[in-house]
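**Student:** Throw the hints in and build the complete structure from the sequences for me.
Sequence order for the protein chains is H and Z. Each number in my numbering comes from the position in the first sequence (counting from 1) with 234 added on. Each number in my numbering comes from the position in the second sequence (counting from 1) with 234 added on.
Since the hints were made in silico from the structure, they are not lab data. Take the hints with a grain of salt, since some may be wrong.
Since the list gives no way to pick out one identical chain from another, each pair is judged satisfied if it fits inside one copy or across any two copies.
As the list claims (entries may be wrong) - Subject to a maximum C-alpha distance of 30 Å in a straight line, what follows is the list of computed DSS-like cross-link-like pairs (lysine-lysine):
1. K552 with K490
2. K269 with K389
3. K486 with K330
4. K269 with K490
There are 2 protein chains.
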Amino acid sequence: MVELSAARDVPARHSEADSPRDSLIARFGADRPLKLDAGVSLSPFQIAYRTYGALNSERSNAVLVCHALTGDHHVVGTHPVTGKSGWWETMVGPGKPIDTERYFVICPNVVGACMGTTGPASTNPKTGKPWGLDFPVITIRDMVRAQAMLLDELKIETLFAVAGGSMGGMQVLQWAASYPRRVFAALPLASSTRHSAQNIAFHEVGRQAVMADPEWRQGRYLVEGANPKRGLAVARMGAHITYLSDAALHRKFGRKFQDRENVTFSFDADFEVESYLRHQGITFVDRFDANSYLYLTRAMDYFDLAADYDGVVAGAFKGAETRFCVVSFTSDWLFPTSDSRAIVHALNAGGARVSFAEIVTDKGHDAFLLDEPELLAIVRGFLDGAARARGLSARR
Amino acid sequence: MVELSAARDVPARHSEADSPRDSLIARFGADRPLKLDAGVSLSPFQIAYRTYGALNSERSNAVLVCHALTGDHHVVGTHPVTGKSGWWETMVGPGKPIDTERYFVICPNVVGACMGTTGPASTNPKTGKPWGLDFPVITIRDMVRAQAMLLDELKIETLFAVAGGSMGGMQVLQWAASYPRRVFAALPLASSTRHSAQNIAFHEVGRQAVMADPEWRQGRYLVEGANPKRGLAVARMGAHITYLSDAALHRKFGRKFQDRENVTFSFDADFEVESYLRHQGITFVDRFDANSYLYLTRAMDYFDLAADYDGVVAGAFKGAETRFCVVSFTSDWLFPTSDSRAIVHALNAGGARVSFAEIVTDKGHDAFLLDEPELLAIVRGFLDGAARARGLSARR
Chain H
235 MVELSAARDV PARHSEADSP RDSLIARFGA DRPLKLDAGV SLSPFQIAYR
285 TYGALNSERS NAVLVCHALT GDHHVVGTHP VTGKSGWWET MVGPGKPIDT
335 ERYFVICPNV VGACMGTTGP ASTNPKTGKP WGLDFPVITI RDMVRAQAML
385 LDELKIETLF AVAGGSMGGM QVLQWAASYP RRVFAALPLA SSTRHSAQNI
435 AFHEVGRQAV MADPEWRQGR YLVEGANPKR GLAVARMGAH ITYLSDAALH
485 RKFGRKFQDR ENVTFSFDAD FEVESYLRHQ GITFVDRFDA NSYLYLTRAM
535 DYFDLAADYD GVVAGAFKGA ETRFCVVSFT SDWLFPTSDS RAIVHALNAG
585 GARVSFAEIV TDKGHDAFLL DEPELLAIVR GFLDGAARAR GLSARR
Chain Z
235 MVELSAARDV PARHSEADSP RDSLIARFGA DRPLKLDAGV SLSPFQIAYR
285 TYGALNSERS NAVLVCHALT GDHHVVGTHP VTGKSGWWET MVGPGKPIDT
335 ERYFVICPNV VGACMGTTGP ASTNPKTGKP WGLDFPVITI RDMVRAQAML
385 LDELKIETLF AVAGGSMGGM QVLQWAASYP RRVFAALPLA SSTRHSAQNI
435 AFHEVGRQAV MADPEWRQGR YLVEGANPKR GLAVARMGAH ITYLSDAALH
485 RKFGRKFQDR ENVTFSFDAD FEVESYLRHQ GITFVDRFDA NSYLYLTRAM
535 DYFDLAADYD GVVAGAFKGA ETRFCVVSFT SDWLFPTSDS RAIVHALNAG
585 GARVSFAEIV TDKGHDAFLL DEPELLAIVR GFLDGAARAR GLSARR
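**Tutor:** Shown next as structure tokens:
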């Protein structure tokens, strides 16, 4: 059985949600509530974010980076909780495709997350205790609405670009649909206009794994000093398989044994792939909040851009002036190329300007996070062209 | 959260393992131990099985049906535990492709299972209590070795055919490798000569889900009157997704809501696919033993036919006189067509007689269990041809 002794204690996890380290915080008081799709308002609330590079005097070079389900606003540099590198070091930084010597990069932690933006692990001002399941169920549109409030706060009217993969790509699409005039260029990577039945099913298994853990305590684990780390680790292990590909797992692990010559006729991690997965589970629970996992997976399940436009996704992009760069990966079976093609078809039907690339790789869904040269070249080329069209100087 | 109140109580589950209803039982005493790959012997032990049809006077018309991970020997007819139909009603019966008016069908419950053949839920004769984790880890070869002992007991020297899908197909391949002279025809369906890294990974998540349940009690739940039903349900839910396909889930469920007009902004089963999955979890724990799930998934993970033949799977079939019918399904991503092609290549290299069909269907891995007309026609045609070659009369 997986041993999970290293999980951070309850006060630490709660404290990061309220007072995130190495983060900027935008606070929205009672006068600026976040109106949620659920029909209630979140108020007060806060957004934790980081910026990289500098805003130009025309305030026209801002790039919003939207993180995925288990990501956060620590895009590059040392993560204050894990001590590891940021999640998009290959893409963002000086001289990188999203060049911080040219663009002003902003990445907010999404609403519902656990790294400083208000979510279920944050303190509920009404009770002085963690929100838990009293936190309202949020949507991708809610995340984007909150991000728009942050941009208002930063006095950025128009984004040069908004970019993200997976759940980040959903936010990109929602941005283009909700605020078309505020987005000059949009890069939805490995994403979809709606979560598929299979993806909802995988998320539901993850949620059931969390909720099956008695330590989850009906979502009150932070208040009661418990920690549903076993359930969350199982959820992560299952999800992690879906981020990779059969081919990549075969190439990386095959049937190789873990520090042994043969099978042990036991339930130990005989195979490297088992050991690897257990490690993924163990390290995840050390940095992520179980309830946040429920809320963010739910937001992805609920995402269905067409539903807001009489079932026709093209309606979301009607007359769009935003230019789009859509990217998929051949071995991504979570958000397969057919999902990206559906985005492209909707954009074409809406008359939008769109370039599309399907990149051949065995790295699966996670390819958007990895050092995938073709992806990096495509994003660089697309942004260069958009920057010329926008009249941005080559480099500051 | 899934409510699982309907799970059978502990004595009932234990009793089915020792004294299965509606089953024949072959008992092997101390003089006939089952030698296991783990290096120990299982003795005494028993095999629960069922037969359909009649053995001919030449004892040449026996068809061994091998069940999959969560199947059992109740191939057709009412299942004594679930009250539902058998798992292969489409394939086996009077006038069906495996025609019980022509063939004598034998299906044993595998070693390690929980429906009457000795497994972790059976009574350990040394202690008088359920084996639990003291039960030795078993392999596909152990299952087949036990089945060969059953055939000896039944005085059946040669099988006309051995057939099965998934884990059943692994047994078919092992039969052909271990006892080539005892198998006239072999039908490995939706199977593989070795379990892939991705499949091992999915199994490991399922095992971790079971073992994360405190009610599992380190495997001693039967002795302690507990029941790790939540963990087992999560394992089943995750596995069930892998038995289907993205396309089938989309066709069957899409993003349809369950008895509601819109999302509820909660963690209820808003989507039909969630409700369906929860139902799969709930009904499974009512009939299956959690430790058996660990043992049988492990046996599949360990399966690697090539390992016994210096890493060359063709060695398993060298000079084989058995005729093979290999079938795969286009949408099966658990045992994809490439796995079946590898079987075919190995058989070709070994000089065996083999016919191969890849059937176009969106039904995924479970297609071998379903009313798939092309599959049924292929099996019928293959068996008819083999029966002629074997000199079996058309119908009794």
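**Student:** Confirm or reject each hint.
**Tutor:** We went through each hint and held it up to the structure:
Only between protomers do K552 and K490 lie at most 30 Å apart by alpha-carbon distance; the minimum there is 26 Å, versus 52 Å within a single protomer. Taking identical chains as interchangeable, the C-alpha atoms of K269 and K389 lie at most 30 Å apart only when both belong to the same chain, with a minimum of 20 Å there against 76 Å between chains. In this assembly of identical chains, the alpha carbons of K486 and K330 lie at most 30 Å apart only when taken from the same copy (27 Å versus 44 Å across copies). Within a single copy, K269 and K490 get their C-alpha atoms only as close as 52 Å, which misses the 30 Å cut-off; across copies the closest is 26 Å, which meets it.
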